[in-house]
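*Asks:* The opening position of the sequence shown corresponds to residue 1 in the UniProt record's numbering, with each subsequent residue numbered one higher.
Worth flagging that the hints you see were computed from the coordinates, not collected in a lab. Treat the hints with care, as some may be off.
[Claimed, not checked] List time: in silico DSS-like cross-link candidates among lysine-lysine, alpha-carbon distance up to 30 Å:
(1) Lys149 <-> Lys193
(2) Lys188 <-> Lys166
(3) Lys199 <-> Lys188
(4) Lys220 <-> Lys166
(5) Lys188 <-> Lys226
(6) Lys166 <-> Lys250
(7) Lys149 <-> Lys250
(8) Lys193 <-> Lys220
(9) Lys199 <-> Lys149
(10) Lys193 <-> Lys166
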Amino acid sequence: MISELNAPLDGLRPESFDDFLCGTMPKADEYKILDRSKHYRDRDTKNLLAPAKDSQMSNMIGLQFQNLSRREYTNPFASVRCFHLLSLPTGYVSGYANFPAFLEHMFTSIAYRVTHLGPSQWTARDLRITNFLDPRHTYHPIGFQYNNKTQTLLQLQSSVERELLKCGKSVYISDSDVIRAELNFLGKYFPSKRFYTGKQNFESPLVTFTWRMTVDCVSKVPKHFKSVVESGLYRRLEMEELHQRYLHRKPVNVEEVDGAIRLRGAILTLFIQCGGVILLAVFVLVLENRLLIVVIILNIPKCSRCLMLKCLRAVGA
Numbered sequence: 001m002i003s004e005l006n007a008p009l010d011g012l013r014p015e016s017f018d019d020f021l022c023g024t025m026p027k028a029d030e031y032k033i034l035d036r037s038k039h040y041r042d043r044d045t046k047n048l049l050a051p052a053k054d055s056q057m058s059n060m061i062g063l064q065f066q067n068l069s070r071r072e073y074t075n076p077f078a079s080v081r082c083f084h085l086l087s088l089p090t091g092y093v094s095g096y097a098n099f100p101a102f103l104e105h106m107f108t109s110i111a112y113r114v115t116h117l118g119p120s121q122w123t124a125r126d127l128r129i130t131n132f133l134d135p136r137h138t139y140h141p142i143g144f145q146y147n148n149k150t151q152t153l154l155q156l157q158s159s160v161e162r163e164l165l166k167c168g169k170s171v172y173i174s175d176s177d178v179i180r181a182e183l184n185f186l187g188k189y190f191p192s193k194r195f196y197t198g199k200q201n202f203e204s205p206l207v208t209f210t211w212r213m214t215v216d217c218v219s220k221v222p223k224h225f226k227s228v229v230e231s232g233l234y235r236r237l238e239m240e241e242l243h244q245r246y247l248h249r250k251p252v253n254v255e256e257v258d259g260a261i262r263l264r265g266a267i268l269t270l271f272i273q274c275g276g277v278i279l280l281a282v283f284v285l286v287l288e289n290r291l292l293i294v295v296i297i298l299n300i301p302k303c304s305r306c307l308m309l310k311c312l313r314a315v316g317a
């Protein structure tokens, strides 16, 4: 979702993700990025999992990686001429924010291709994703901090809202249901600004999310969960959760809308000036033609009698 751009012409309206790209790199460089990612991933996996002799050790290593400290850096390549591809964190771990949803989706998507697909299987769509990792783009809302435990999702949501209201090069990326809810919310409280959504889903129609159940023959939970999904209850719960999220949400600043019959400010001044000019013109007209007006008024009864006589004669005839 994006707001109307601050531009002198209304011709520019991005509708697809390709319209947000700051530029495209040569095909050879796109291929090199995926190829090198695969090389370093294979090397790091071999070195890190060499001591692991069973799955339990692998899980322990994974837990250790989650607890590693993070360092935050300022992106020196960010450009105001490029779009800000904003999204909210996918969740919180012990109070700390995860990656923004769009950034994490790109990392996961590239990792899947590097892990499960060979270079001969990489398509043009796979190579296109690497262009969205251009460091000239911004992926985090203003004020986003990985190491700030007191930072809340509501604060980041308000930050995204402020950026969208500036009508600059800021794009909010999320699930389709969330985008529709956000569009209705902003349209309700900011009617003077125009917001619109794109006509394309990222990586559509590629499906990157599925449910997978293990040991389903032992437990009845997978069977019950499948019934909940197929009956539509799970979808209804998702929509109810989204509704509750926006039920008590307040905008960062409410836009005041004047009623259709209320006059205030410059409009009222304009009406007063126009009315004064018209009254002054009428007064001058009466003053300059006062004798003619008196004659007309005195002759009104005579003219009325003449008209009545003509009407009676016409009826008698």
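*Asks:* Within 30 Å, alpha carbon to alpha carbon, are Lys188 and Lys166?
*Replies:* holds (17 Å)
*Asks:* Can you confirm whether the C-alpha distance between Lys149 and Lys193 stays at or below 30 Å?
*Replies:* Not satisfied, since the Cα-Cα distance of roughly 34 Å exceeds 30 Å.
*Asks:* Starting from Lys149, check that the Cα of Lys250 is at most 30 Å away, please.
*Replies:* holds (23 Å)
*Asks:* Tell me if the straight-line CA distance from Lys199 to Lys149 falls inside 30 Å.
*Replies:* violated (36 Å)
*Asks:* Hint check: Lys193 vs Lys220, CA-CA at most 30 Å. Holds or violated?
*Replies:* violated (51 Å)
*Asks:* Measure nothing beyond the straight line between the CA atoms of Lys220 and Lys166; if it is 30 Å or shorter, mark the hint as holding.
*Replies:* With Cα atoms ~51 Å apart, Lys220 and Lys166 exceed 30 Å; violated.
*Asks:* Below or equal to 30 Å on CA atoms is what counts here, so check Lys166 against Lys250.
*Replies:* Answer holds: Lys166 to Lys250 is near 18 Å, not above 30 Å.
*Asks:* Take a quick look at whether Lys188 and Lys226 sit within 30 Å of each other, Cα to Cα.
*Replies:* Violated, because 37 Å separates the two Cα atoms, which is more than 30 Å.
*Asks:* Keeping to a limit of 30 Å between CA atoms, is the pair of Lys193 and Lys166 held or broken?
*Replies:* With Cα atoms ~10 Å apart, Lys193 and Lys166 stay inside 30 Å; holds.
*Asks:* Straight-line Cα separation of Lys199 and Lys188 no greater than 30 Å?
*Replies:* This hinted pair holds, its Cα atoms lying about 22 Å apart.
Comparing the model with each numbered hint stated earlier shows that hints 1, 4, 5, 8 and 9 do not hold.
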